[in-house]
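Asks: Letter by letter, the chains look like this.
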Amino acid sequence: TQLLEQSPQFLSIQEGENLTVYCNSSSVFSSLQWYRQEPGEGPVLLVTVVTGGEVKKLKRLTFQFGDARKDSSLHITAAQPGDTGLYLCAGVETGANNLFFGTGTRLTVIP
Amino acid sequence: NAGVTQTPKFQVLKTGQSMTLQCAQDMNHNSMYWYRQDPGMGLRLIYYSASEGTTDKGEVPNGYNVSRLNKREFSLRLESAAPSQTSVYFCASRRTGGRFGGNIQYFGAGTRLSVL
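Just so you know, the protein sequences line up as chains A and B, in that order. Here our numbering is used: the first residue of the first sequence is 1, the next is one more, and so on. Here our numbering is used: the first residue of the second sequence is 1, the next is one more, and so on.
FYI, nobody ran anything at the bench for these hints, they're computed from the structure. Misleading hints may appear alongside valid ones.
[Claimed, not checked] Result set (DMTMM-like, lysine to aspartate or glutamate): computed pairs, CA atoms no more than 25 Å apart in a straight line: (1) LYS57(B) <-> GLU17(A); (2) LYS56(A) <-> ASP71(A); (3) LYS9(B) <-> ASP71(A); (4) LYS57(B) <-> GLU5(A); (5) LYS9(B) <-> GLU79(B); (6) LYS9(B) <-> GLU5(A).
The whole structure should be built from the sequences, with the hints applied where relevant.
Replies: Structure below.
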């Protein structure tokens with residue numbers, strides 16, 4: 001069983017603050033994805049990172065894939081209440097098709 | 001523009017009862033998946049179907065069976081429900097091809113199941 005640990009598990013911040021969520025594993029992945037899940041809904045893909053060291057930006061969200069392709073981070077700048085939700089990382093093993101999901105980080109942004 | 005549709009949205013069962021969770025996708029995807037989501041554990045794969053006519057076990061298949069009825073539909077059956085199966089169940093389908101090797105999954109809204 002692949003294990004993707006996310007930290008922190010819970011995060012509550014004020015609107016306008018910055019935050020970083022981490023996703024760590026002892027396994028190497030060919031790619032890593034980040035999803036956001038809102039209450040009562042299924043996860044929705046935010047981004048896929050493929051290359052070790054890759055950095056992708058999606059408006060105020062910055063995603064980084066570790067050089068060794070074992071870890072990733074999500075940084076949100078100037079968080080807004082609309083960023084509230086459960087953030088999940090998911091890794092794809094080389095040569096496989098299934099996703100291994102992380103334990104999740106529940107973010108609450110207080111207005 | 002339905003995407004992945006799951007029914008029912010909520011269900012309460014008594015221990016030992018059986019039920020089938022339904023899932024249908026209208027995106028012509030080959031692969032479909034069933035996950036369960038429990039607090040602090042992310043999503044865990046129960047079963048998947050790489051294509052019509054094939055099914056394979058995932059990480060936590062015990063107590064479940066699946067049927068890939070056709071390309072659109074993939075059902076999950078609990079033959080004798082147990083309290084440990086209380087969870088939120090998600091169905092997903094996967095787009096093949098594309099830049100990232102076809103690993104973009106699209107999820108339904110989930111079925112919230114309680115087993116008393």
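Asks: Compare the structure with each hint and give your call.
Replies: These are the hints, each one checked on the structure:
1. At roughly 43 Å between alpha-carbon atoms, LYS57(B) and GLU17(A) are farther apart than 25 Å, so this suggested pair is violated.
2. Of the pairs offered as hints, the one joining LYS56(A) and ASP71(A) holds, with about 14 Å between alpha carbons and a cut-off of 25 Å not exceeded.
3. Distance check on the hinted pair: LYS9(B) and ASP71(A) sit about 34 Å apart at the alpha-carbon level, beyond 25 Å; violated.
4. Annotation: proposed proximity of LYS57(B) to GLU5(A) holds, straight-line Cα distance about 23 Å (limit 25 Å).
5. Simply put, LYS9(B) and GLU79(B) have alpha-carbon atoms about 19 Å apart, close enough for the 25 Å limit, and the pair holds.
6. Between the alpha carbons of LYS9(B) and GLU5(A) the distance comes to roughly 29 Å, so the proposed pair goes past 25 Å and is violated.
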